[in-house]
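Top to bottom, those sequences are chains A and B.
When you read off a place in the first sequence, starting at 1, and then add 1178, the result is the number in the working numbering.
When you read off a place in the second sequence, starting at 1, and then add 1178, the result is the number in the working numbering.
Do not take every clue at face value.
Heads up, the list lumps identical chains together, so a pair's fine if it works in one copy or across two of them.
Below, a list of computed lysine to any residue pairs in the SDA-like style, where the Cα atoms sit at most 20 Å apart [as the list claims (entries may be wrong)]:
#1 K1217 - L1184
#2 K1217 - P1187
#3 K1188 - S1209
#4 K1180 - A1202
Calculated from the structure, these hints are not laboratory results.
Number of protein chains: 2
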Amino acid sequence: MKATVLVRPKQGILDPQGEAVESALGHLGFSVSEARVGKVVDLEVDASDAGEARAQVERMCEQLLANPLIESFEVEIHG
Amino acid sequence: MKATVLVRPKQGILDPQGEAVESALGHLGFSVSEARVGKVVDLEVDASDAGEARAQVERMCEQLLANPLIESFEVEIHG
Chain A
1179 MKATVLVRPK QGILDPQGEA VESALGHLGF SVSEARVGKV VDLEVDASDA
1229 GEARAQVERM CEQLLANPLI ESFEVEIHG
Chain B
1179 MKATVLVRPK QGILDPQGEA VESALGHLGF SVSEARVGKV VDLEVDASDA
1229 GEARAQVERM CEQLLANPLI ESFEVEIHG
């Protein structure tokens, strides 16, 4: 089953990469604000149904993909 | 207008970060394959409608956010 995980810096947590992107876009003439940079992980999970796949991917996030102190995550299962 | 950009390594392009994630998840006991790691960029764009916002964000991708040789991008506008 295919899954997509979005991992983002939590609100209030400093995001230097987002600040760099915002500043660089400003220099290129774009008017943007509140840029935040996180990561997207696509993977294929060995699970029999969407519920089990989601439960597995949430455990992956807690154990490896996200740092729960500073990052939030969102899981999508694509069947 | 809020926009979300997903930037992913193109198919066939080596993705060492994805390989590392896949291997680490395997060591933790998860059965996963085809892990690929990209980035997600959230930002607020100064545009009057969704079409203009999308056009602006696509230009940002071409100029800064993605490397078109090795990465593909996907733009979502949240109104």
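Verification of the supplied hints:
no. : hint          : verdict
1   : K1217 - L1184 : both (6 Å within a copy, 9 Å between copies)
2   : K1217 - P1187 : both (9 Å within a copy, 12 Å between copies)
3   : K1188 - S1209 : neither (23 Å within a copy, 28 Å between copies)
4   : K1180 - A1202 : between (34 Å within a copy, 18 Å between copies)
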